[in-house]
Amino acid sequence: MTGHDEKTRCEWLRDRIEPYLDGELAAIDTTVFESHLGVCAHCSEELELAKRVLGELRSLPAERCPDTVTSTVFETIGSDQTRPTENPIRRWLTGWRHGQLRPALVGLFVLIVTVSAVLVARHHRSTNRITPEEMAKAEAELRWTLALVGDVGRRTGLTVRDDVLGERVVRPMRRAVFSVLDGGSEPASKNNGG
Amino acid sequence: MKEFRRIVDQHRHRVYTFAFYSLGSHEEAEDVTQEVLIRLWQNWTKLDRRRLPAWLSRVTRNACVDRARQRRAYSLRVVAGGLGGEMSDGVSVEPSPEAQAETKELREHIRRALTKIEEPYRSIMILREIQEMKYEEIAGALDLPLNTVKSYLHRGRRMLRDQLKETLSYDRA
Numbered sequence: 001m002t003g004h005d006e007k008t009r010c011e012w013l014r015d016r017i018e019p020y021l022d023g024e025l026a027a028i029d030t031t032v033f034e035s036h037l038g039v040c041a042h043c044s045e046e047l048e049l050a051k052r053v054l055g056e057l058r059s060l061p062a063e064r065c066p067d068t069v070t071s072t073v074f075e076t077i078g079s080d081q082t083r084p085t086e087n088p089i090r091r092w093l094t095g096w097r098h099g100q101l102r103p104a105l106v107g108l109f110v111l112i113v114t115v116s117a118v119l120v121a122r123h124h125r126s127t128n129r130i131t132p133e134e135m136a137k138a139e140a141e142l143r144w145t146l147a148l149v150g151d152v153g154r155r156t157g158l159t160v161r162d163d164v165l166g167e168r169v170v171r172p173m174r175r176a177v178f179s180v181l182d183g184g185s186e187p188a189s190k191n192n193g194g
Numbered sequence: 001m002k003e004f005r006r007i008v009d010q011h012r013h014r015v016y017t018f019a020f021y022s023l024g025s026h027e028e029a030e031d032v033t034q035e036v037l038i039r040l041w042q043n044w045t046k047l048d049r050r051r052l053p054a055w056l057s058r059v060t061r062n063a064c065v066d067r068a069r070q071r072r073a074y075s076l077r078v079v080a081g082g083l084g085g086e087m088s089d090g091v092s093v094e095p096s097p098e099a100q101a102e103t104k105e106l107r108e109h110i111r112r113a114l115t116k117i118e119e120p121y122r123s124i125m126i127l128r129e130i131q132e133m134k135y136e137e138i139a140g141a142l143d144l145p146l147n148t149v150k151s152y153l154h155r156g157r158r159m160l161r162d163q164l165k166e167t168l169s170y171d172r173a
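Just so you know, the sequences run in chain order E and P. Counted from 1, the first sequence has number 73 at position 73 by my numbering; the numbering is strictly sequential. Counted from 1, the second sequence has number 47 at position 47 by my numbering; the numbering is strictly sequential.
Source of the hints: derived by calculation from the structure; they are not laboratory data. Treat the hints loosely; a few may be bogus.
Unchecked claim - Far from chain E by the CB rule (all over 12 Å, computed), these chain P residues:
1) V65
2) A68
3) P97
4) E119
Stated by the list, open to error - Between beta-carbon pairs, the in silico distance windows are:
5) P:R69 - E:V110: 51 to 61 Å
6) P:D48 - E:P66: 24 to 34 Å
7) E:R102 - P:K104: 45 to 55 Å
8) E:D29 - P:D9: 38 to 48 Å
9) P:H26 - E:L111: 53 to 63 Å
10) E:F74 - P:E102: 39 to 49 Å
11) E:R58 - P:L146: 18 to 28 Å
12) P:R5 - E:S35: 56 to 66 Å
13) E:S35 - P:R69: 39 to 49 Å
14) E:R14 - P:K104: 20 to 30 Å
Just so it is clear, the structure is predicted and the values come from calculations on it, not from any experiment. The beta-carbon is built from N, C-alpha and C at its ideal position, and this holds for glycine as well.
When you get a sec, could you build the whole thing from the sequences and use the hints?
This is the structure we're talking about:
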């Protein structure tokens with residue numbers, strides 16, 4: 001490996017020290033990274049420094065806020081008259097906007113819908129009782145309707161057979177059959193009668 | 001008011017810690033914490049409680065940035081003024097007095113170097129490495145895309161290391 005290649009490899013490694021420390025480097029890059037560490041003392045030192053700095057950075061302690069800070073804040077806001085008073089309507093709207101009241105309102109809506117549905121169904125059952133006479137009349141009307149539909153269907157079928165199929169299918173086939181059987185034309189009575 | 005006091009007690013150390021590591025000064029951290037808590041009170045009725053940590057992080061960070069802008073050479077003053085002895089000890093392993101002294105010195109250098117790192121790298125490092133916030137929370141607080149937060153964190157750590165090397169070599173020279 002030339003000196004230039006080595007320098008390029010060192011730069012490549014230094015760009016990946018932080019992802020390596022966070023375990024975010026791809027497996028193939030990790031292999032190349034670690035193999036280079038084995039041959040480059042300078043990069044090994046850089047990695048050790050990075051590890052140490054990160055370790056110390058992470059162990060920097062959380063600082064405690066002195067009580068005097070909060071007591072000053074409470075004193076300040078205790079005498080603060082500028083803060084808007086809590087308007088109940090605004091509070092309700094804020095609660096709605098932030099979603100705090102939504103589950104309760106959705107529950108109320110579902111309850112109202114359910115109760116309404118039960119009341120309507122009960123009312124419908126009590127007012128729409130069918131008498132035997134009405135049932136017999138309905139059955140007769142249904143029979144009459146079905147008979148009419150059946151008759152119309154039968155007439156339509158006959159008309160289609162005579163006007164469409166007879167001219168285009170039945171007669172040509174009959175002519176063909178007679179010409180094959182006796183080499184003549186079909187009987188005159190049939191020709192005239194169709 | 002009772003609820004407000006509870007929330008203040010819950011979050012004040014977090015706000016203070018961020019301000020301290022961002023500005024490098026206890027005095028200024030106290031001022032920023034007071035400012036943030038008063039703003040919290042002023043916005044109390046409008047705030048969504050679920051987004052409070054992100055809101056506090058954003059407001060604290062903005063307050064620190066504003067304060068840093070007001071005093072242009074603040075980081076130089078911190079280094080020159082010296083804050084030795086103000087750091088609290090969080091060392092759990094104490095191999096030897098020499099090693100302990102060396103660790104303490106390194107931490108002090110890190111803390112000082114941190115105040116010299118540009119924004120938003122510094123805030124991201126404090127939120128992630130010191131305050132252990134999740135990437136998603138940081139992205140929400142600073143209004144940055146998630147991948148940007150990750151790449152800025154790595155860049156910031158490298159900047160911190162370079163800054164530290166510079167400081168240490170300057171000290172040794």
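Going through the hints against the structure:
{"no.": "1", "hint": "V65", "result": "holds (19 Å)"}
{"no.": "2", "hint": "A68", "result": "holds (18 Å)"}
{"no.": "3", "hint": "P97", "result": "holds (18 Å)"}
{"no.": "4", "hint": "E119", "result": "holds (17 Å)"}
{"no.": "5", "hint": "P:R69 - E:V110: 51 to 61 Å", "result": "holds (53 Å)"}
{"no.": "6", "hint": "P:D48 - E:P66: 24 to 34 Å", "result": "holds (29 Å)"}
{"no.": "7", "hint": "E:R102 - P:K104: 45 to 55 Å", "result": "holds (52 Å)"}
{"no.": "8", "hint": "E:D29 - P:D9: 38 to 48 Å", "result": "holds (46 Å)"}
{"no.": "9", "hint": "P:H26 - E:L111: 53 to 63 Å", "result": "holds (56 Å)"}
{"no.": "10", "hint": "E:F74 - P:E102: 39 to 49 Å", "result": "holds (42 Å)"}
{"no.": "11", "hint": "E:R58 - P:L146: 18 to 28 Å", "result": "holds (21 Å)"}
{"no.": "12", "hint": "P:R5 - E:S35: 56 to 66 Å", "result": "holds (58 Å)"}
{"no.": "13", "hint": "E:S35 - P:R69: 39 to 49 Å", "result": "holds (46 Å)"}
{"no.": "14", "hint": "E:R14 - P:K104: 20 to 30 Å", "result": "holds (28 Å)"}
Violation of the numbered hints given earlier is absent; every hint is satisfied by the structure.
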